[in-house]
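Peer 1: Sequence:
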Amino acid sequence: MVTEKKDENAAKRKRQESILEEKSYEFEILRQQLMNTDKQLQELYPRMDSYSRVKETLEGLKEAG
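Under the numbering used here, think of the first position of the sequence shown as 1, with each following residue one higher.
Hint data in this document are derived by calculation from the structure and do not stem from the laboratory.
A few of these clues could be false.
Dumping the calculated DSSO-like pairs for lysine-lysine here, alpha-carbon to alpha-carbon at most 27 Å [what the hints assert, rightly or not]:
id, residue 1, residue 2
1, K39, K23
2, K62, K39
3, K12, K23
4, K14, K39
Simulated DEER-style distance windows between Cβ atoms [stated by the list, open to error]:
id, residue 1, residue 2, range
5, L20, K55, 32 to 38 Å
6, R15, N36, 27 to 33 Å
7, K5, E43, 33 to 39 Å
8, Y25, L58, 45 to 51 Å
9, A11, L44, 27 to 33 Å
10, D38, L58, 55 to 61 Å
11, M48, D7, 56 to 62 Å
12, E28, L58, 41 to 47 Å
13, I19, L58, 54 to 60 Å
14, L20, L44, 33 to 39 Å
15, R47, E17, 44 to 50 Å
16, T37, M1, 37 to 43 Å
Where a beta carbon is used, it is the ideal one built from N, C-alpha and C, also for glycine.
Can you make the complete structure from the sequences, with help from the hints?
Peer 2: Structure, rendered in structure tokens:
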């Protein structure tokens, strides 16, 4: 009975460790994806700002013309 309980606890602990490893791996993948997305956004922001300025200029010319 005691041995069975120890075996159950060991099996449960192994499952928990396996789940933890899987979640850690998933977390690392998501963290890397977030870092890549952040980098892409940092590269995109200047272009968006430039686009906004061009759009405002064109709208101003349209209203003036």
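Peer 1: For a quick check of understanding: which of the numbered hints are violated here, in increasing order?
Peer 2: Violated hints (numbers, rising): 2, 4, 5, 7, 9, 10, 16; every other hint is consistent with the structure.
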